[in-house]
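Novice: Each protein sequence line maps, in turn, to chains C and P.
Going by my numbering, 45 is the number at position 45 of the first sequence; the sequence numbering is gapless.
Going by my numbering, 1070 is the number at position 70 of the second sequence; the sequence numbering is gapless.
No lab work stands behind these hints: they were computed from the structure.
Keep in mind that this is a model prediction, so the values were computed, not measured.
Take the hints with a grain of salt, since some may be wrong.
Away from chain P, derived, C-beta distances all over 10 Å, residues of chain C [what the hints assert, rightly or not]: (1) A2; (2) N7; (3) G16; (4) I55; (5) D56; (6) P74; (7) Q81; (8) V83; (9) R84; (10) G85; (11) D86; (12) S87; (13) G105.
Pulled a few chain P residues facing chain C out of the computed Cβ check, cut under 8 Å [stated by the list, open to error]: (14) G1016; (15) A1019; (16) P1034; (17) K1042; (18) L1046; (19) D1049; (20) G1055; (21) F1089; (22) Y1098; (23) S1099; (24) T1100; (25) L1101; (26) F1103; (27) G1104; (28) K1105.
By construction, the Cβ of each residue, glycine as well, lies at the ideal position given by its N, Cα and C atoms.
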Amino acid sequence: NAGVMQNPRHLVRRRGQEARLRCSPMKGHSHVYWYRQLPEEGLKFMVYLQKENIIDESGMPKERFSAEFPKEGPSILRIQQVVRGDSAAYFCASSRGGADTQYFGPGTRLTVL
Amino acid sequence: GENVEQHPSTLSVQEGDSAVIKCTYSDSASNYFPWYKQELGKGPQLIIDIRSNVGEKKDQRIAVTLNKTAKHFSLHITETQPEDSAVYFCAASSNSGYSTLTFGKGTMLLVSP
């Protein structure tokens, strides 16, 4: 029973490029959450999605960041025109239902040069 | 919104000792409190969680206590082992329909042999 999968595990981008982070939830899970972890900090909620719907994006920066969870395929967190401040670990979690336990993936560590 | 404070930020104990990590939260509507363990380079792993209808929960060497009146909850690890060394995060959510977790900043636990 595979857990939450994220790829790539490490991503290096130059300022101004785009970053695409992918998350495949656990089997049977249809709820996906994205969190960002800055060095020496806890995780900060960014966005919550169900299949084809964004339910809560209150933690997402208003510009350059977007997320989707299509009917088929993984959830994607997209960061356009990356800046150095975007360097962080991005974690995705999934759950069976909205109020159920969240299980985290291994994360994508984004470095912006 | 919710705010979670976690103490201490670092904790060093000898193998076999007990370790206690404490968290406070601000939103009285919060009713779900998970604890995650994060090892270096990995994603957070759920170790125990508690809902507001109980005051204590145990799982082998790990226990969590909740005081809703005082709005604080604690993680207790007994008979610590070197493999318990990691960063521990507490979190809280209101869990009304869906739960977006608010995390504390983490406690780095070091268990010395």
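Novice: With reference to the structure, classify each hint as holding or not holding.
Specialist: Evaluated hints:
Every beta carbon of chain P lies more than 10 Å from that of A2 of chain C, the smallest distance being close to 14 Å; the non-interface claim holds. Against the 10 Å criterion, N7 of chain C stays outside the reach of chain P, whose nearest CB is about 13 Å from its own CB. Consistency note on G16 of chain C: stated as away from chain P, and its beta-carbon is indeed over 10 Å from all of that chain's, at 28 Å minimum. Listed as a non-interface residue, I55 of chain C fails to keep its Cβ farther than 10 Å from every Cβ of chain P; the least gap is roughly 6 Å.
The non-interface label for D56 of chain C is inconsistent with chain P: the shortest C-beta to C-beta separation is roughly 6 Å, within 10 Å. Against chain P, the non-interface label of P74 of chain C holds: every CB pair exceeds 10 Å, the least being about 16 Å. No Cβ of chain P approaches the Cβ of Q81 of chain C within 10 Å, the least distance being about 26 Å, so the stated non-interface status holds. The beta carbon of V83 of chain C sits about 24 Å from the closest Cβ of chain P, which is more than 10 Å, so the claim that it is off the interface holds.
Listed as a non-interface residue, R84 of chain C keeps its Cβ farther than 10 Å from every Cβ of chain P; the least gap is roughly 21 Å. Its beta-carbon lying about 19 Å from the closest one in chain P, G85 of chain C satisfies the requirement of being farther than 10 Å from that chain. Every beta carbon of chain P lies more than 10 Å from that of D86 of chain C, the smallest distance being close to 19 Å; the non-interface claim holds. Distance to chain P confirms S87 of chain C as a non-interface residue, since its nearest Cβ pair spans about 16 Å, more than 10 Å.
For G105 of chain C, the shortest C-beta to C-beta distance to chain P comes to about 5 Å, within the 10 Å cut-off, and the non-interface label is violated. Because the closest C-beta pair between G1016 of chain P and chain C is about 29 Å apart, greater than 8 Å, the hint is violated. For the restraint placing A1019 of chain P at the interface with chain C, the shortest Cβ-Cβ distance is roughly 18 Å, beyond the 8 Å limit, so the hint is violated. Because the beta carbon of P1034 of chain P sits about 7 Å from the nearest beta carbon in chain C, less than 8 Å, this interface hint is met.
Annotation: interface hint on K1042 of chain P holds; nearest CB of chain C at approximately 6 Å, less than 8 Å. Residue-level restraint check for L1046 of chain P holds (minimum Cβ-Cβ distance to chain C is 6 Å; threshold 8 Å). Interface hint status for D1049 of chain P: upheld, as the beta-carbon distance to the closest one in chain C is roughly 6 Å, under 8 Å. Annotation: G1055 of chain P was flagged as interfacial toward chain C, and the flag is violated, the nearest CB pair being 20 Å apart, outside 8 Å.
The beta carbon of F1089 of chain P comes within 6 Å of a beta carbon in chain C, closer than 8 Å, and the hint placing it at the interface holds. For Y1098 of chain P, the interface hint holds, since its Cβ comes within 8 Å of a Cβ in chain C; the closest pair sits about 3 Å apart. The criterion of a C-beta within 8 Å of any C-beta in chain C is met by S1099 of chain P, whose closest approach is roughly 6 Å, and the hint holds. Here the hint on T1100 of chain P is kept, as its CB sits about 5 Å from the closest CB of chain C, short of 8 Å.
Taken as an interface hint, L1101 of chain P checks out: its beta carbon lies about 6 Å from the nearest beta carbon of chain C, inside 8 Å. The interface hint given for F1103 of chain P is met, as the beta carbon of that residue sits about 4 Å from the closest beta carbon of chain C, less than 8 Å. Nearest Cβ of chain C to the Cβ of G1104 of chain P: about 6 Å, under the 8 Å cut. The hint holds. For K1105 of chain P, the interface hint holds, since its Cβ comes within 8 Å of a Cβ in chain C; the closest pair sits about 5 Å apart.
Violated hints, listed in ascending order, are 4, 5, 13, 14, 15, 20; each of the other numbered hints is respected by the structure.
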